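Top line first, the protein sequences correspond to chains A, B and C. Residue numbering for the first sequence is 1 to 120, as defined by the working numbering. Residue numbering for the second sequence is 121 to 268, as defined by the working numbering. Residue numbering for the third sequence is 269 to 604, as defined by the working numbering.
Hints should not be assumed to be uniformly reliable.
Facing chain A, a subset of chain C residues (Cβ under 7 Å, in silico) [stated by the list, open to error]:
| hint | residue |
| --- | --- |
| 1 | H299 |
| 2 | I309 |
| 3 | E313 |
| 4 | F409 |
| 5 | C410 |
| 6 | E421 |
| 7 | N424 |
For lysine-lysine, the following DSSO-like pairs were computed, each having C-alpha atoms within a straight-line distance of at most 27 Å [as the list claims (entries may be wrong)]:
| hint | chain 1 | residue 1 | chain 2 | residue 2 |
| --- | --- | --- | --- | --- |
| 8 | C | K539 | A | K25 |
| 9 | C | K318 | A | K113 |
| 10 | A | K117 | B | K127 |
| 11 | C | K458 | C | K338 |
Hints listed in this document are in silico derivations from the structure and should not be mistaken for laboratory results. Predicted model, so just to flag it, every value in this text is computed and none were measured. Note that CB positions come from ideal geometry on N, CA and C, so glycine has one too.
Spelled out, the chains give:
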Amino acid sequence: MEFVRAFIVGGLICVVGQLLIDLTKLTPARIMVIFVVAGVILGALGIYPLLVEWGGAGASIPIIGFGNVLAKGVIEDVDKKGLLGAFSGGVRSGAVGIAAAVFFGYIMAVVSKPKTKNKT
Amino acid sequence: MEQKRTKEEYKKWSQQQAPRTPKARNLIMAFFVGGIICTIGQLILRALLNTGMPKDDASSLTTLFMIFIGAFLTGLNVYDDIGRVGGAGAAIPVTGFANSIVSPAMEYKKEGYVMGVGARMFLIAGPVLVYGIISSIVVGIIYYLVTR
Amino acid sequence: MGTRLGKQTIRLDSKPVIQSWASIVGAKEGHGPLGRYFDEIIEDEYFGEKSFERAESKFLRETLAKTLMKGGVSAGDIQYIFAGDLLNQCVAANFGLRESEIPFFGLYGACSTMAESLTLGSLMVEGGFAERCVCITSSHFCSAEKQFRFPLEFGNQRPPTAQWTVTGSGGVMVGKAGDGPRVVHVTTGKIVDMGITDSNDMGSAMAPAACDTITAHFRETNLPLNHYELIVTGDLGIHGKNLCLKLLEENGITIGDFYDDCGVMIYDQKKQKTDCGGSGCACSAVVLAGYILEKLSKRELNRVLFVATGALHSPITVQQGESIPAIAHAVGIEMV
Numbered sequence: 001m002e003f004v005r006a007f008i009v010g011g012l013i014c015v016v017g018q019l020l021i022d023l024t025k026l027t028p029a030r031i032m033v034i035f036v037v038a039g040v041i042l043g044a045l046g047i048y049p050l051l052v053e054w055g056g057a058g059a060s061i062p063i064i065g066f067g068n069v070l071a072k073g074v075i076e077d078v079d080k081k082g083l084l085g086a087f088s089g090g091v092r093s094g095a096v097g098i099a100a101a102v103f104f105g106y107i108m109a110v111v112s113k114p115k116t117k118n119k120t
Numbered sequence: 121m122e123q124k125r126t127k128e129e130y131k132k133w134s135q136q137q138a139p140r141t142p143k144a145r146n147l148i149m150a151f152f153v154g155g156i157i158c159t160i161g162q163l164i165l166r167a168l169l170n171t172g173m174p175k176d177d178a179s180s181l182t183t184l185f186m187i188f189i190g191a192f193l194t195g196l197n198v199y200d201d202i203g204r205v206g207g208a209g210a211a212i213p214v215t216g217f218a219n220s221i222v223s224p225a226m227e228y229k230k231e232g233y234v235m236g237v238g239a240r241m242f243l244i245a246g247p248v249l250v251y252g253i254i255s256s257i258v259v260g261i262i263y264y265l266v267t268r
Numbered sequence: 269m270g271t272r273l274g275k276q277t278i279r280l281d282s283k284p285v286i287q288s289w290a291s292i293v294g295a296k297e298g299h300g301p302l303g304r305y306f307d308e309i310i311e312d313e314y315f316g317e318k319s320f321e322r323a324e325s326k327f328l329r330e331t332l333a334k335t336l337m338k339g340g341v342s343a344g345d346i347q348y349i350f351a352g353d354l355l356n357q358c359v360a361a362n363f364g365l366r367e368s369e370i371p372f373f374g375l376y377g378a379c380s381t382m383a384e385s386l387t388l389g390s391l392m393v394e395g396g397f398a399e400r401c402v403c404i405t406s407s408h409f410c411s412a413e414k415q416f417r418f419p420l421e422f423g424n425q426r427p428p429t430a431q432w433t434v435t436g437s438g439g440v441m442v443g444k445a446g447d448g449p450r451v452v453h454v455t456t457g458k459i460v461d462m463g464i465t466d467s468n469d470m471g472s473a474m475a476p477a478a479c480d481t482i483t484a485h486f487r488e489t490n491l492p493l494n495h496y497e498l499i500v501t502g503d504l505g506i507h508g509k510n511l512c513l514k515l516l517e518e519n520g521i522t523i524g525d526f527y528d529d530c531g532v533m534i535y536d537q538k539k540q541k542t543d544c545g546g547s548g549c550a551c552s553a554v555v556l557a558g559y560i561l562e563k564l565s566k567r568e569l570n571r572v573l574f575v576a577t578g579a580l581h582s583p584i585t586v587q588q589g590e591s592i593p594a595i596a597h598a599v600g601i602e603m604v
């Protein structure tokens, strides 16, 4: 059942993204920015954590979930360290995602090269 | 030129005749591709939780695995095809974030490992981090002021 | 010495001859409907080189060699070469021709460059300043994507108005004498900007320019519309072709039966999933040097108006929200 929930939540979040692409002609980079900022705001308001609770990876894997993680870290750190936490929390809690993307990205760039699209 | 239309009229006129985006097809494909990627994430998450790992760690490790998968499929020259079919379904999950980092890094390897791979890696993902971090700081400051 | 017929058109009275031509294309173009007309098809997008930019230069260099070979001349017999491509600072041409030892003019007319170079080369011959000129252009899907759009492996979706940059190079040699298709009229385009800002919709941006130039050509030459057996625009694609036809009709120019577009001809849009069709400097160049000149020399066609179209934007201007200026140059090529 949790897999069905993940499928539905993840799928629906992507449908929202697709609607933005097709209806507004925004570039993919802008869509990703909108999603991550939306995640931060919804996370801070306590709405997104409810979705993660219900949808599991379906809510945490989309990039909007990354925004939620940033908000969560910031709030934790502000509770612990005060204003300094506003600067430390986001990057601390997002560290795994950022570091993994940089690390694997670098390795793949070293070992692989781009190919043309759809040759025939 | 002897134009019968103003620029605005021309823009409207040309757009009316432009080939249409297959919206229904795109939405369905985005739903399925995005859904499948997230279900894979849930499978990994469940497997990790079943080993008794704390929830936060399991969640982080799932993200790490998904980023690896996205990066790996990009390196195999496959993720662009997934993106062509899945649209936002491939771009919005964190695998798409990985793709947006790996693809320019690969593309600009010929420009060197520092100014090519190193600098261009964040061509598309950079703005995501910039706005994610800035908005999280703003949220932190507001939270600090509200809860004092 | 040529006669100026109007603001934009010159009649070349000596009728410079297109003595030889050559085209080399990539895999996708080779698998397309015109595949059998091209001289060589290169399956490897890197063309054995380290980068796409070097590959594009090689396409250009090899096409030059082939053009000279087919014309039975050596580089020393060429007085000028007019070349261009899509890359910043025209590096594909600069680097591809740096060992050629031929006086060189680098041109940028975006995808209209083939007609621009053919115009200038023919005028040079007409003016008596050159015995022979080579006019050549190139483009490469991968180097163009990198410069104008996204990295190749980035998983973005192409909008249905997008066009596919042709990989390849086409070149022609124009000279004073000989048999073959002749350049009779050249109509130089003006920059036309109808305010289109979507860089994924080149057809809409370029159609008014093509219409403008074709209209000027018929107005200034006073030729009847059916003078040409084929009027072919450069790379308007399916959408732009449709718009151009309608715009022309509003100007009283009905050419539907003998009008086509290189971008539409070069790919099988359905099977090859190229959306609106081909684009790039090489699109009109390889269709000219592969298909059109072949048909002319066999007299399956006798009079063709070749109208290459170009969008004169850069990624920077698009990001700054500027609209896309466009241009079209027409060259009337006839068997005499």
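Problem set entry | Interface hint for F409/C, Cβ within 7 Å of any Cβ on chain A | With a closest approach of 6 Å, the F409/C hint holds.
For this session: Report holds or violated for the interface hint on E421/C, using the least CB-CB distance to chain A and a cut-off of 7 Å.
Result: Cβ of E421/C sits 5 Å from chain A, so the hint holds.
Problem set entry | Proposed interface contact between H299/C and chain A, which counts if any beta carbon pair is under 7 Å | For H299/C, the interface hint holds, since the closest Cβ of chain A sits about 5 Å away, which is under 7 Å.
Problem set entry | E313/C as an interface hint toward chain A, with CB separation required under 7 Å | holds (4 Å)
Exercise. Keeping to a limit of 27 Å between CA atoms, is the pair of K318/C and K113/A held or broken?
Worked result: holds (10 Å)
Exercise. Would the pair K458/C and K338/C pass a check requiring their Cα atoms to be no farther apart than 27 Å?
Worked result: Not satisfied, since the Cα-Cα distance of roughly 34 Å exceeds 27 Å.
Exercise. Should the interface hint for N424/C be scored as holding, given a Cβ-Cβ cut-off of 7 Å against chain A?
Worked result: Since the shortest Cβ distance to chain A is 5 Å, the answer is holds.
Exercise. Hey, K539/C versus K25/A, does the alpha-carbon distance stay inside 27 Å?
Worked result: With a Cα-Cα distance of about 26 Å, the restraint between K539/C and K25/A holds, given a limit of 27 Å.
Exercise. Does C410/C meet its interface restraint, that is, does its C-beta lie within less than 7 Å of any C-beta in chain A?
Worked result: Holds. Min distance 5 Å.
Problem set entry | Satisfaction of hint between K127/B and K117/A, Cα-Cα up to 27 Å | violated (35 Å)
For this session: With a cut-off of 7 Å on the beta carbons, see whether I309/C makes it to chain A.
Result: violated (11 Å)
Consistency with the previously given hints fails for numbers 2, 10 and 11, ordered from lowest to highest.
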